[in-house]
Every structure is written in structure tokens, then in C-alpha cells.
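**Q** Since the structure of chain A is provided, determine the placement of chain B on it from the hints.
Number of protein chains: 2
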Amino acid sequence: MEVYEAALGRRSVRSFQPKAVPTALIQKMLEAARWAPSASNIQPWKFIVVKDPSMVDMIRKVSPGIFGKPTTLIVVCSDQERAYRLGGEQGRDYFTIVDTALATENIVLVAHSLGLATCIVKSFAASAVSELLDIPDHARPELIVTVGYAREVPKPPPKLTLNEVAYTDRFRNQLEMK
Amino acid sequence: MEVYEAALGRRSVRSFQPKAVPTALIQKMLEAARWAPSASNIQPWKFIVVKDPSMVDMIRKVSPGIFGKPTTLIVVCSDQERAYRLGGEQGRDYFTIVDTALATENIVLVAHSLGLATCIVKSFAASAVSELLDIPDHARPELIVTVGYAREVPKPPPKLTLNEVAYTDRFRNQLEMK
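Here the protein sequences come in this chain order: A and B. Using my numbering, the first residue of the first sequence is number 1, and each one after it goes up by one. Using my numbering, the first residue of the second sequence is number 1, and each one after it goes up by one.
Keep in mind that the hints were calculated from the coordinates and are not lab data. Certain hints may be false.
It does not matter which identical chain is meant; a pair holds if it fits inside one copy or across any two.
Unchecked claim - In silico SDA-like links for lysine to any residue, alpha-carbon gap of 20 Å or less: (1) Lys69 to Asp93; (2) Lys51 to Asn173; (3) Lys51 to Arg170; (4) Lys69 to Glu89; (5) Lys51 to Leu8; (6) Lys155 to Ser130; (7) Lys178 to Ala24; (8) Lys159 to Ser40; (9) Lys122 to Asp93; (10) Lys19 to Thr71; (11) Lys51 to Gln17; (12) Lys159 to Glu5; (13) Lys122 to Met1; (14) Lys51 to Thr168; (15) Lys61 to Ser15; (16) Lys122 to Gln80; (17) Lys178 to Leu160; (18) Lys155 to Leu8; (19) Lys19 to Ile66; (20) Lys69 to Lys178; (21) Lys51 to Met1; (22) Lys178 to Leu114; (23) Lys159 to Pro53; (24) Lys61 to Leu25; (25) Lys69 to Asp169.
If we strip away everything but chain A, and leave its shape as in the complex, we get:
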């Protein structure tokens, strides 16, 4: 699937079939995440693939942002220790958030191109997730990606138009279009 088509066609899916995601596909999503850009190439990220049904269920219970019953979760964590050691306070407090988000977008785009459905979740009890997954103090769950096969793909949400969000040369200066 073309990148442009994937970026426009990907939807946030909240309704899944009870069908496992093949390991080979998860591996491709993680490879794409691993090659995301990273400030000073610090790569302040860890990815936990949760497939054990009882663990998925426990995480669902502490995550108001998870809808439906995804068969797989990818918990995207920042590695605060590594980020601070290699990038100082800015590395720990800012680059971790940016870099894990960049990697997460790679995950959802590759997933979409492989026929999988995902949703990026920000609403979860981080401390409970950390405890369930044995995440050490020096790491932090930033985002959870739900992964599965869509039961239902929602229609595109309303989006601001290009003219409402983009400018040329100065803020509020009308975007030059082709």
C-alpha cells in the first residue's frame, strides 16, 4: 500500500474480531517502530507486545481509552534512564514523548498496510499498567496501541480543512495551493 494512501486511509478502529494477529506481522510493525527517527539517535523506547489474553483483559480494565476487544496490545514505553543519560533533562522530559509518538505512527501505518486495525490510546492508568507488565521505575508507558482485525471500520471523522491548518511563510498567511 502506498504511503500516502495509508496515511489518509488509516482509521482509529474500536471494534475487533476475535482473531489472533500473526507474529510475523507484529514483527514488521516493531521493525518499522525501531527505524523511526529519534533525536540524537537516542531511541528512548521499549515496546511490550501483550498477547496473553488474561493480561490483555487486565490492561483493558485499567484503560478507559481501550474500546472493543483487541487481541493484541503494543505498550509503547519511554526509557527515561536512557533518555536522561544520553539526552539530559530535555531528552527525558520532551524527546521521549516526541520519539515514542513518531515510532507509534510507524506502527499504525504499517499495521494498516498489512490489513490490521489499530487505535492509539492515551487514556490508561499508567501505574497499574506498569505494575501488571513489570515495567521498572526508569521506564514509563506512554501510549498503548490496540491491534487486531476490524469488525467495523468507522467513517472518516470530520477534519479541519487544509486551509484551516496550513499557511505559507507566515502564520495565518493563506496556503499556496497547486
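**A** Structure of chain B alone, referenced to chain A:
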């Protein structure tokens, strides 16, 4: 170009040819950015395409993270006012960073698939950039994407292996591979 190939093949380029980027291609990058996922669909982003050579030059001078002479910059801003109005403090302080990063990854992947070279820059004097581009107080430049045609594409940087960054079911639990 396949999404997976784009995610793995994209490099951060810091050396550009003096060749303008067609408006139609910039428009595709912005369309992809506009369709990025966004918490509660708030879309707390603004994109300023900087093509005026003297403006590009002035921004370069206040941006230690810009290398080479890109012909185009896309300044990715958060819209703090919108984020706070629709998402409260968490919206303003956290979702803005995540969502602008998700959109930025769409930009660089689509750019790569169109034969363009980019680099995501985090090191710049935000207040100077805001003044140059008339960015109001309620918005903030988060990231700058340099865009152009590569003069030289660097080799892939050293990356942590999949086993070093990914686990199954629990932190430090070896990743299940196909």
C-alpha cells in the same frame, strides 16, 4: 512505495540540492499530516510552509539543528488555545506534543515516498521562530521539518536490535519472533 519499505528506508538527510520542492508535493505531505490520528480528534496543529528563501535563511540562523540548505521548511506548531479549550490541561501540555509528532511522522514518510529528503529538527530558538513567522502566543513551534532533494543520503545509523527494544507480555520478557 510500500509503507514498510518507507519506514525502514527513510533517512534523516542533512545535505540538500538547491532545487525547489513542487507545491503539489508539499500539499500531499500536508494532507497526510492533516489525517494523522489525534486525541479526541482535537487536531491541535498548524503547519507553516516556509519557501521564501530569505525567511528560510533567517530561520536557519536561529536553528542549530538545521544542517545543509533545505529549500523548504515545514514548521509544525501546536495550537495551545484549541488544545486547552477542547482537551484541558492534559490536552495543552501533552496531547499537543504527541499529536504534532504523529502528524510529523506522516510528513516525513510521505516525503520519502515522493522522492524527497527530510530531517526533523528539535533544536531551534522557538521564540525567534515565533517572531519571524508571526506565530501568536496561543501557538508554539514544536518541530521543524527540513524538506528538499537530497545531495547525499547517509547510511543507516546504528540502531538497537529488536531484541533490545521489544518484549512479549512483560518488560524484559524475550520477544516472541516468527
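**Q** All hints, please: hold or fail.
**A** Evaluation of the provided hints:
Neither within a single protomer nor between protomers do Lys69 and Asp93 lie at most 20 Å apart by alpha-carbon distance, with minima of 32 Å and 30 Å respectively. Proximity of Lys51 to Asn173 under the C-alpha cut-off of 20 Å is restricted to the inter-copy arrangement: shortest distance 12 Å between copies versus 48 Å within a copy. Taking the shortest Cα distances, Lys51 and Arg170 sit within 20 Å of each other only across copies (10 Å), while inside one copy they are farther apart (47 Å). In this homomeric assembly, Lys69 and Glu89 never come within 20 Å of each other (Cα to Cα): the closest approach is 37 Å inside a single copy and 29 Å across copies.
When the C-alpha separation of Lys51 and Leu8 is checked against a cutoff of 20 Å, the pair qualifies neither within a copy, at 28 Å, nor between copies, at 25 Å. Proximity of Lys155 to Ser130 under the C-alpha cut-off of 20 Å is found in neither arrangement, the shortest distances being 34 Å within a copy and 36 Å between copies. For the identical chains of this complex, Lys178 and Ala24 are inter-copy neighbours only, at 5 Å across copies versus 41 Å inside a copy, given an alpha-carbon limit of 20 Å. Proximity of Lys159 and Ser40 under a CA criterion of 20 Å is satisfied inter-copy only: 12 Å between copies versus 33 Å inside one chain copy.
For a Cα distance limit of 20 Å, the shortest separation of Lys122 from Asp93 qualifies both inside one copy, at 17 Å, and across copies, at 13 Å. Taking identical chains as interchangeable, the C-alpha atoms of Lys19 and Thr71 lie at most 20 Å apart only when both belong to the same chain, with a minimum of 7 Å there against 48 Å between chains. In this assembly of identical chains, Lys51 and Gln17 lie within 20 Å of each other by CA distance solely inside one copy; the values are 15 Å within and 47 Å between copies. Taking the closest pair of Cα atoms, Lys159 and Glu5 come within 20 Å of each other only inside a single copy of the chain (16 Å); across copies the shortest separation is 28 Å, beyond that limit.
When the C-alpha separation of Lys122 and Met1 is checked against a cutoff of 20 Å, the pair qualifies neither within a copy, at 27 Å, nor between copies, at 30 Å. In this homomeric assembly, Lys51 and Thr168 come within 20 Å of each other (Cα to Cα) only across copies, at 7 Å, whereas the closest approach inside a single copy is 46 Å. Proximity of Lys61 to Ser15 under the C-alpha cut-off of 20 Å is restricted to the intra-copy arrangement: shortest distance 16 Å within a copy versus 49 Å between copies. For a Cα distance limit of 20 Å, the shortest separation of Lys122 from Gln80 qualifies both inside one copy, at 18 Å, and across copies, at 18 Å.
With identical chains, the CA atoms of Lys178 and Leu160 are at most 20 Å apart within one copy only, with a shortest distance of 19 Å there and 41 Å across copies. When the C-alpha separation of Lys155 and Leu8 is checked against a cutoff of 20 Å, the pair qualifies only within one copy, where the shortest distance is 12 Å, while the shortest distance between copies is 29 Å. Taking the shortest alpha-carbon separations for Lys19 and Ile66, only the intra-copy value of 17 Å comes in at or below 20 Å, while the best inter-copy value is 46 Å. For a Cα distance limit of 20 Å, the shortest separation of Lys69 from Lys178 qualifies neither inside one copy, at 43 Å, nor across copies, at 24 Å.
Neither within a single protomer nor between protomers do Lys51 and Met1 lie at most 20 Å apart by alpha-carbon distance, with minima of 26 Å and 30 Å respectively. In the homo-oligomer, the alpha carbons of Lys178 and Leu114 lie at most 20 Å apart only across protomers (16 Å), although the nearest pairing inside one protomer, at 32 Å, exceeds that limit. Taking CA atoms no more than 20 Å apart as the test, Lys159 paired with Pro53 passes in neither setting, with 35 Å inside one copy and 31 Å between copies. Proximity of Lys61 to Leu25 under the C-alpha cut-off of 20 Å is found in neither arrangement, the shortest distances being 26 Å within a copy and 44 Å between copies.
Taking the shortest Cα distances, Lys69 and Asp169 sit within 20 Å of each other only across copies (17 Å), while inside one copy they are farther apart (45 Å).
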